[in-house]
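> Make the full structure from the sequences, and use the hints.
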Amino acid sequence: MSDAAGKSYSYYPGCSLKSSSMEFDISFQAVAAALGIGLDEIHDWNCCGASPAPHHRVESLGVLLSARNLHIAGATHDAVVAPCAGCYNRLKTAQFKLAGDEELREQTGEVLGAEVRYEAEVLNIVQMLNREISPEALAEKAQGRLEGVKLAPYYGCLLTRPADILKFDNPRDPRSMEPLLGATGAETPFFAFKTECCGSYMGLPRKEIVLTASRRIIEVAVSSGFDALVTACPLCHQNLDLRQPQINKAFGTELRLPVLYFSQAIGLGLGIPPEELGIDALAVAPDLDRWKVGAA
Amino acid sequence: MIELTKTLEDGRELVAEIERRTGQNLAACYQCGTCTSTCTANMAFDYPPHVMIRMLQLGMVDQVMSSHTAQLCYDCMTCSSRCPVRIDVADVIETAKNMADERGLPEPERALRLFRKLFLRNVSRHGRLHEASLLFWYNVKSGTLFNDMSLVPLILRKKKVHIHPTRIRNRREIRRIFSVVKNYPRLKK
Chain A
1 MSDAAGKSYS YYPGCSLKSS SMEFDISFQA VAAALGIGLD EIHDWNCCGA
51 SPAPHHRVES LGVLLSARNL HIAGATHDAV VAPCAGCYNR LKTAQFKLAG
101 DEELREQTGE VLGAEVRYEA EVLNIVQMLN REISPEALAE KAQGRLEGVK
151 LAPYYGCLLT RPADILKFDN PRDPRSMEPL LGATGAETPF FAFKTECCGS
201 YMGLPRKEIV LTASRRIIEV AVSSGFDALV TACPLCHQNL DLRQPQINKA
251 FGTELRLPVL YFSQAIGLGL GIPPEELGID ALAVAPDLDR WKVGAA
Chain B
1001 MIELTKTLED GRELVAEIER RTGQNLAACY QCGTCTSTCT ANMAFDYPPH
1051 VMIRMLQLGM VDQVMSSHTA QLCYDCMTCS SRCPVRIDVA DVIETAKNMA
1101 DERGLPEPER ALRLFRKLFL RNVSRHGRLH EASLLFWYNV KSGTLFNDMS
1151 LVPLILRKKK VHIHPTRIRN RREIRRIFSV VKNYPRLKK
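Here the protein sequences come in this chain order: A and B. If you count by our numbering, then the first sequence holds residues 1 to 296, one letter each, in order. If you count by our numbering, then the second sequence holds residues 1001 to 1189, one letter each, in order.
Take these hints with a grain of salt, some might be off.
[Claimed, not checked] Calculated lysine to aspartate or glutamate pairs in the EDC-like style (CA-CA distance at most 20 Å, straight line): (1) B:LYS1182 <-> A:GLU276; (2) A:LYS18 <-> A:GLU276; (3) B:LYS1182 <-> A:GLU110.
In case anyone wonders, no lab produced these hints; they're calculated from the structure.
Here is the structure:
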């Protein structure tokens, strides 16, 4: 069932996918395998520095950390895929700054002990899957498996912003997830909070910000009649799924909205068994019986 | 009372530095308030985003750098994506925060800064983030021992945590990166 025989990407999982969001890693690998795509993990990769590492125009810690990953990936591959929106954002930002700053390239080269390779194409998971399977091909495999399910594509921040660096999708009204999600048979009507921030990394130090911001996203999705949110960001997922019981406790609400990773939704569409997609690792479980998954 | 004339003179140079580092023209802001109306963190800010920009126009850099807003903004960039005169508001605020860090200004939002420092120390040691030890050290050092303990049974049951850190092989290179770059949030020795 290979669509692109022999094709392989350099794979940057990042820290979250190897621990608290391991179901993102599991489901992405399962989908890639089902599509016949090879994923070669970057050898000895390091953390991108995420939000705490300064990464703005003249700061370089975030750039150097990501440059090392790009450099290693570039030795063996033309393209690297980073499913985590944060990792993707940092790789793209590092690449953008390295491309435009010779002094930074020299500094980076000195640290790495070689001229820095920074030109490998950096792709997020939505981009990469859009490239590897067309909605028509997916629809054929999916046979309307997720028919009757309303999925809210939730993009958050780091997948599309800043648009001038990422050059991926419209930062105010992104739509790249919809065609493939729709191909599973699911409905994906407009979700008004698709780019609203979940509260980012404030979960430990300023929890009330995260709980308030994430609660609004979930409540808007529920009141719009959605059955689940779909995200491509581990931090969004942590705030919306893992912290949903905290939200309920803090506000006396009784929210129960599943939050799927993009790869889990596509995997369900492809007919991959839920246990191979890490569905049981979600804090809020989707009602798969009602979703008729695996029936086809 | 703000002594406007004096503030203007003192601040002009630092405002110029923020404009240089961000490549932004702050004079273009006409205070429409779009940044503030789209901001998810504004509820916790002391100065809303459009006021931060106004204060910079007036040369009030010290107040901007030592504000809670500068520390609290988590850079979701919604404001920047919606500004009608295309000012990268998030970048301006983030830069003010970095400049405050570099100058060792008094620390509003101590808990948040502690989190950033511990996060980066964790990465500098292992090459990757080890979530369990970050949670442990944050709770110990911030004195909030039970923070997020409600998540622990769930995380254990779902096997989402590693007790031991996964360390990369070439940690020397990571140490070199952290030693070359000086301006990041660090714990005092």
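> Indicate, hint by hint, whether the structure satisfies it.
Cross-check of the supplied hints:
Between the alpha carbons of LYS1182 of chain B and GLU276 of chain A the distance comes to roughly 44 Å, so the proposed pair goes past 20 Å and is violated. Only pairs whose Cα atoms come within 20 Å are accepted, and LYS18 of chain A paired with GLU276 of chain A is accepted, the gap being roughly 16 Å. Annotation: proposed proximity of LYS1182 of chain B to GLU110 of chain A holds, straight-line Cα distance about 16 Å (limit 20 Å).
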